[in-house]
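Residue numbers (my numbering), protein chains in the order written: chain A, 4 to 200; chain B, 76 to 471.
Watch out, some of these pointers could steer you wrong.
DSBU-like cross-link-like pairs, simulated, lysine-lysine; straight-line CA separation at most 35 Å [what the hints assert, rightly or not]:
| no. | chain 1 | residue 1 | chain 2 | residue 2 |
| --- | --- | --- | --- | --- |
| 1 | B | K149 | A | K26 |
| 2 | B | K364 | A | K26 |
| 3 | B | K137 | A | K88 |
| 4 | A | K48 | B | K135 |
| 5 | A | K66 | B | K297 |
| 6 | A | K29 | B | K137 |
| 7 | A | K26 | B | K368 |
| 8 | A | K180 | B | K137 |
| 9 | B | K363 | A | K26 |
| 10 | A | K133 | B | K130 |
| 11 | B | K368 | A | K29 |
| 12 | B | K102 | A | K133 |
| 13 | A | K66 | B | K137 |
| 14 | A | K41 | B | K119 |
| 15 | A | K66 | B | K363 |
| 16 | A | K91 | B | K135 |
| 17 | A | K66 | B | K299 |
| 18 | B | K135 | A | K26 |
| 19 | B | K137 | A | K41 |
Calculated directly from the structure, the hints in this document are not laboratory data.
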Amino acid sequence: MGEAFQLTSDTQLWSDFLSGSEKAYKIIYDTHVQSMFKFGSHFTKNDEIIHDCIHDVFIDLHKYRTNLQTTNNIKKYLFISLKRKLFKILNEEGRYVHFDAETPAFFYSLSVSSETDDDLKSRQFELLEKAMLELSNRQREAIYLRFISGLSYDELSEVLHMNYQSARNLIFRGIEKLRESCQRKSSILFFSFVKYH
Amino acid sequence: MNLNFNKDSEDLIHNPEFLEWVINPTKESDLYWNQFISANPSRKMEIRETISIIKGIIPKEKELSVEAVNHLWKRIEKDTVSTKKTIFRFSGWMSAASLLFLIGVGGLIYYQLNQTNELPINYESIAKVNSPDNEVKLIFADKSEEVLHSNNLDIKYDSKGEIIVNSDKRLTQKMEESKGEDEQLNQLVVPRGKRTSLTLSDGTKLWLNSGSRAIFPVLFGKVKREIFIEGEAYLEVAHDAAKPFFVVTNNFQVKVLGTKFNVTAYPDDPSSSVVLVEGSVQANVDSKKITMKPNQMMSYERETGTAKLNEADVLPYISWKDGWLYCEKETLETIAAKLSRYYNVKIEFKDTETKKMTLTGKLDLKTECSGIFNAISSTAPISFDIQNDVIVISSK
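Using the sequences and the hints given, assemble the complete structure.
Below you can see the structure in the form of structure tokens.
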């Protein structure tokens with residue numbers, strides 16, 4: 004239901020933009036710049052590079068707007084473009100000695116919620132954070148795209164350059180692994196982790 | 076909804092609907108999954124664990140500040156606004172005719188013309204020919220020179236290419252036979268401390284400021300009009316819709332059909348700029364085409380090779396033509412650089428703090444140099460000292 008609405012509005016906004024609307028262009032920027040920056044910040048700690056890449060993505064968008072195809076998910080489109088720009092620069096700049104566009108590092112530290120002051124919760128937090136580190140970069144990225152960015156399996160598989168089934172498996176195994184790691188260490192920890200859903 | 080699950084064996088993390096509920100719960104899905112949990116108490120633990128993991132993996136992320144979002148948008152807007160109308164529109168340019176605008180440009184190196192198949196003119200080699208002098212010089216196509224002694228010269232090329240100096244003296248020059256009319260290039264060199272006005276064969280008028288030069292054909296060709304400017308010049312381009320007018324500098328060129336404008340192009344300035352007073356011009360910087368609106372300034376930083384477009388008050392940029400120097404919160408250093416060129420004097424600062432002082436107001440350039448510094452020192456807390464042709468400025 005929510006997705007159907009998203010579909011129409013994104014498709015409409017995009018087609019407005021393609022037919023020359025500067026307003027649509029600005030809306031696209033305002034809507035997505037924050038999530039683009041956040042996504043980008045998982046690949047590099049250098050904010051300037053992310054700024055530059057977002058800039059370049061939008062310049063290209065404007066420049067080639069007459070040749071662009073329709074899309075029903077602008078975010079996916081922007082994430083793919085941003086990743087391409089970022090990898091190009093990170094590769095060139097040699098920021099990483101072993102920067103590998105196939106399996107780039109995906110930094111992921113957890114946000115400490117305001118309620119993590121009691122002992123039990125902070126231990127849970129530590130466990131989960133440690134478990135995240137045990138995942139592969141691709142797994143972290145896939146989980147991020149699915150649960151934080153809210154992309155569908157279809158969409159995130161495009162961002163990850165893999166097929167639908169592989170992307171799904173990546174996430175399932177990732178969550179499974181997280182659960183195992185946490186269970187292995189303590190089975191009671193998650194009990195009070197969340198209030199009833 | 077069907078609560079008779081065959082999900083017993085299946086781990087719920089394999090269930091997309093379950094995950095969707097965890098991420099985006101709705102009333103409907105809440106109802107469904109709460110019923111599911113009641114119906115499958117054995118799986119309560121599994122469900123809670125999965126939820127807590129997914130809810131727990133909120134990443135610690137930096138956010139863009141409001142300023143950063145706006146700043147980034149300004150950058151994007153600037154670079155897209157300029158590329159919006161890359162197609163040269165004839166009718167648009169015709170209506171821009173006889174309007175006034177102003178340009179500042181800088182430096183002198185190779186320049187590549189992209190409009191036609193012709194070979195670009197190597198202005199650098201032409202401009203290199205002579206070294207700076209103390210008198211205004213006109214250099215003809217055959218490289219012979221005419222030195223003109225006057226502080227305020229007026230030079231006019233008529234439609235046949237004949238030259239009239241200060242409305243009485245006539246100059247003729249030998250044309251190079253191997254070249255076409257529009258390839259006979261003349262060069263006007265105005266040293267520091269001098270100003271000259273120049274009328275070209277098409278009726279276009281230029282005011283050249285101190286320390287400037289213009290390279291132009293005696294007669295223009297059939298397709299376009301093109302001149303080169305180094306230093307600063309104010310131009311009133313004669314209208315001719317069929318022959319667009321190009322002002323070329325090392326950093327960019329400006330394309331226009333017929334209008335009035337001012338060009339500044341000093342090689343020793345770190346930046347060059349175009350300021351448009353009225354109408355519309357197109358500045359071509361590298362491969363970028365920047366279409367300007369009135370009261371905008373396009374500035375180009377040589378060091379970084381970047382061009383930006385800003386709103387600007389045009390008056391300070393055009394007032395020199397009428398013998399005024401308008402300053403709007405300008406640093407003493409910037410003002411000194413202009414005065415140094417205008418009066419051909421060396422200006423030094425005793426300390427850097429004085430350099431950074433800012434001044435607002437207007438200076439009458441028709442007065443003598445020392446008069447200008449008297450005026451400055453009566454308003455700003457500075458004193459000046461003339462030592463062997465060098466003016467030394469220090470704070471009071």
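Consistency of the hints with the structure:
1. Distance hint between K149 of chain B and K26 of chain A is fulfilled; the C-alpha atoms sit about 14 Å from each other, no more than 35 Å.
2. Annotation: proposed proximity of K364 of chain B to K26 of chain A holds, straight-line Cα distance about 22 Å (limit 35 Å).
3. Simply put, K137 of chain B and K88 of chain A have alpha-carbon atoms about 20 Å apart, close enough for the 35 Å limit, and the pair holds.
4. The straight-line distance between the Cα atoms of K48 of chain A and K135 of chain B is roughly 13 Å, inside the 35 Å bound, and the hint therefore holds.
5. Among the hinted pairs, K66 of chain A with K297 of chain B is consistent with the structure: their alpha-carbon atoms are about 34 Å apart, no more than 35 Å.
6. Restraint check: the Cα-Cα separation between K29 of chain A and K137 of chain B comes to about 22 Å, which is no more than 35 Å; the hinted pair holds.
7. Taking the CA atoms of K26 of chain A and K368 of chain B, the gap is about 20 Å. The hint holds against a cut of 35 Å.
8. At roughly 27 Å between alpha-carbon atoms, K180 of chain A and K137 of chain B fall within 35 Å of each other, so this suggested pair holds.
9. Restraint check for K363 of chain B and K26 of chain A: the C-alpha separation of about 23 Å stays at or below 35 Å, so the hint holds.
10. Of the supplied pair hints, the one linking K133 of chain A and K130 of chain B holds, its CA atoms being roughly 16 Å apart against a limit of 35 Å.
11. Our distance criterion of 35 Å between C-alpha atoms is met by K368 of chain B and K29 of chain A, whose separation comes to about 21 Å.
12. Distance restraint check for K102 of chain B and K133 of chain A: the Cα-Cα separation of roughly 34 Å lies within the 35 Å cut-off, and the hinted pair is therefore satisfied.
13. For the hint pairing K66 of chain A with K137 of chain B, the CA-to-CA distance comes to about 29 Å; that is within 35 Å, so the pair holds.
14. The suggested pairing of K41 of chain A with K119 of chain B holds, with an alpha-carbon distance near 34 Å, which does not exceed 35 Å.
15. For the given pair, K66 of chain A sits about 12 Å from K363 of chain B by alpha-carbon distance, which is consistent with the 35 Å threshold.
16. Our distance criterion of 35 Å between C-alpha atoms is met by K91 of chain A and K135 of chain B, whose separation comes to about 25 Å.
17. A C-alpha spacing of about 29 Å is found between K66 of chain A and K299 of chain B, which places the hinted pair at or below 35 Å, so the restraint holds.
18. Restraint check: the Cα-Cα separation between K135 of chain B and K26 of chain A comes to about 32 Å, which is no more than 35 Å; the hinted pair holds.
19. For a cut-off of 35 Å, the pair hint linking K137 of chain B to K41 of chain A stands: about 7 Å separates their Cα positions.
The structure is consistent with each of the numbered hints, conforming to all of them.
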